[in-house]
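Which chain is which? The protein sequence lines are A and B, in order. If you count the first sequence from 1, position 220 lands on 229 in my numbering, and the numbers rise without skipping. If you count the second sequence from 1, position 167 lands on 170 in my numbering, and the numbers rise without skipping.
Treat the hints with care, as some may be off.
As the list claims (entries may be wrong) - Under the rule of at most 20 Å between Cα atoms (straight-line distance), these lysine to aspartate or glutamate pairs were calculated in the DMTMM-like manner: (1) K111(B) x D199(A); (2) K360(B) x D334(B); (3) K134(B) x D199(A); (4) K155(B) x E184(A); (5) K105(B) x D147(A); (6) K316(B) x D267(B); (7) K187(A) x D98(B); (8) K187(A) x E75(B); (9) K187(A) x D112(B); (10) K65(B) x D80(B); (11) K207(B) x D334(B); (12) K249(B) x D224(B); (13) K187(A) x D80(B); (14) K65(B) x D10(B); (15) K120(A) x D199(A); (16) K198(A) x D98(B).
None of these hints come from the bench; they were simulated from the model. Predicted model only: the values in this text are computed from it and were never measured.
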Amino acid sequence: MVENRPFTQFMAYLTLALGIVIVVFPVYLAIMASTFDAATIINGNMPLTPGDQAGENYSRALFYGGVHAREPVGGMMLNSMIMALGIAIGKILISILSAYAVVYFKFPFRKTAFWIIFITLMLPVEVRIYPTYKIVADLGLLDTYTGLIMPLIASATGTLLFRQFFMTIPDELLEASKIDGAGAFRFFKDTLLPLSMTTIAALFVIQFIYGWNQYLWPLLITTKSSMQTIVIGIKKMITTTDALTEWQIAMTTAVLAMLPPVLVVIFMQRLFVKGLVETEK
Amino acid sequence: MAGVTLDTVRKIYTGNVEAVKGVSLGIEDGSFCVLVGPSGCGKSTLLRMIAGLETISDGEVKIGDRVVNQVEPADRDIAMVFQNYALYPHMSVYDNMAYGLKNRGTPKDEIEKRVKEAARILAIESFLTRKPRQLSGGQRQRVAMGRAIVRKPQVFLFDEPLSNLDAKLRVQMRVEIKRLQRALGVTSIYVTHDQVEAMTLSDKLVVMSGGQIEQVGTPSDVYRRPETRFVATFIGSPPMNILPGKVEGPGRVSVGGQVIGVADMRDGLTPGSAIEVGLRPEDVQAGGAGSSSLSMDVDFVEELGATQLFHGKVSGAEFVVQASTGQIPADTRKLTLAVDPANVHLFDPQTTKRLGKV
């Protein structure tokens, strides 16, 4: 299609640019704020160019933490990282295996099993949070990584994504494998897994970010400050009762919190997009 | 090497759908057997039961002397070529061919030797490192065959392997498959709906319809002496003309009052009873007028280059005549067709069976 409408094109780019400015400005502001000392931010006249406190702010946040939270951001990031990785990897493992069972094995109530998994899609964590908390507490998993990770691993999105992908793989591939002497496990390892790489990458990106951004669940089950995730950490830095909020440290922490998800998206973007749109097998 | 024996093999799907209705068939060691029939006739199901990809509801399948009903596909010592090739997309051509051997624990140098040899036979040596998606249809087909060859199986199974190729390549690959089978001498079972493939490839042609075998024989047997009306109209292109007729007496039938002679006719048929008269478009001589002839009204002519097809009617029934181009003027409206009694096939209108000499 040949399109030559300079005005329309100009308007499109203008709209796009405006949108970007609206989205990017707060982020930019946070990055700038992380380079000043507390006084400059509090007096309301913070310049929009970088200040000279960056080194000081970042090293203090990472290794010492805020005055009130008193927990180094480094530790919180490690907690968040363990939680996000645990959720992403655990979810991929469970959902690829359950999708494999649902698609390739004939067992009684196979359809029922699939529909039960499917129905849980409609139940977000928040709805089942009380029973989940009760179970985790009874198992003595409060303030543990297992407690943080396990309840969030169970969900249907991944199973569904893999199921849809497996359905597009021609049956003849399974039959050829059978004739080639590959059993159920070999077929999974040698054929299905390599073909699922892009889908796995897509799911990893989504679930890593989902895990990293968890707020309600870690807030409920972690009481020790050494088990805090970074999202909780930011919250605690901002709400203070009897002292000034250390905005420069809060902003520094926010910027640090943004980094891992951004890196994951940047490095896995190509695989990610391919995994979501790829149709040619 | 081994032959394949089927003994009243049945396939019944849930819901009591009988896809294969008791098929018995013996395939000799080293022969090329083609199962041909329209879609849904059960030929693929039968092949898949031999491969072990479908369970056998009833009956027995033997490869060599071994009953394989309960044997896993991998242990049946067969290799299969699929219609869509079913190559592993993420593996190189070499790995595709080596995979089955690797799973069997064949030593590395033996695998390499066999793959190299198969690649040489199939002329695919230059792209052993490529992935299937970088290959053309014909090349993928060769890789699929290579995967079958390296295993050195007792039986090759082909499930419509040429259907995804264009016409020219199909002819070429057809010849290659035949040559390869001759060279390797492996028992082969080949499923197709294309009667040209069936005729050219087979030592033993099995025509199937509705889950049953209609006829088994050499291609020329099946062509010259079809046992049922179905086989008569299925094998041969354009298909055989079937005309409603009447028995006149021994060796004589009539079509709309025109009497023709028949060489192969069962004794003792009641004169005056209804009968179906089959004539191949290429077997009637246009223009000649003899003692045994039919008149035909021509509707239109199809040009095929070397030959022409005259479409029209013989005493009200559709009729097609094939003639060399130029033999008959294209604007002919009326034809007299000389019929050689040796080329007339008779069928029972009720049972559709051939009414030839017993």
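Here is how each hint holds up against the structure:
A threshold of 20 Å between alpha carbons decides the hint, and for K111(B) with D199(A) the separation of about 18 Å falls inside it, so the pair holds. At most 20 Å may separate the alpha-carbon atoms for a hinted pair to count; K360(B) and D334(B) exceed this at roughly 40 Å. Distance restraint check for K134(B) and D199(A): the Cα-Cα separation of roughly 15 Å lies within the 20 Å cut-off, and the hinted pair is therefore satisfied. Of the pairs offered as hints, the one joining K155(B) and E184(A) holds, with about 18 Å between alpha carbons and a cut-off of 20 Å not exceeded.
At roughly 49 Å between alpha-carbon atoms, K105(B) and D147(A) are farther apart than 20 Å, so this suggested pair is violated. Between the alpha carbons of K316(B) and D267(B) the distance comes to roughly 25 Å, so the proposed pair goes past 20 Å and is violated. Annotation: proposed proximity of K187(A) to D98(B) holds, straight-line Cα distance about 16 Å (limit 20 Å). Straight-line distance between C-alpha atoms of K187(A) and E75(B) comes to about 8 Å, which keeps the hinted pair within the 20 Å bound.
Annotation: proposed proximity of K187(A) to D112(B) is violated, straight-line Cα distance about 24 Å (limit 20 Å). Our distance criterion of 20 Å between C-alpha atoms is met by K65(B) and D80(B), whose separation comes to about 12 Å. Pair hint K207(B) plus D334(B) does not hold up; C-alpha atoms about 42 Å apart against a cutoff of 20 Å. The hinted pair formed by K249(B) and D224(B) fails the criterion: a straight-line CA distance of about 26 Å is larger than 20 Å.
Of the supplied pair hints, the one linking K187(A) and D80(B) holds, its CA atoms being roughly 12 Å apart against a limit of 20 Å. A hinted pair counts as satisfied when its Cα atoms are at most 20 Å apart, and K65(B) with D10(B) qualifies at roughly 8 Å. Pair hint K120(A) plus D199(A) does not hold up; C-alpha atoms about 26 Å apart against a cutoff of 20 Å. A C-alpha spacing of about 15 Å is found between K198(A) and D98(B), which places the hinted pair at or below 20 Å, so the restraint holds.
Checked against the numbered hints listed earlier, the structure breaks hints 2, 5, 6, 9, 11, 12, 15; every other hint is satisfied.
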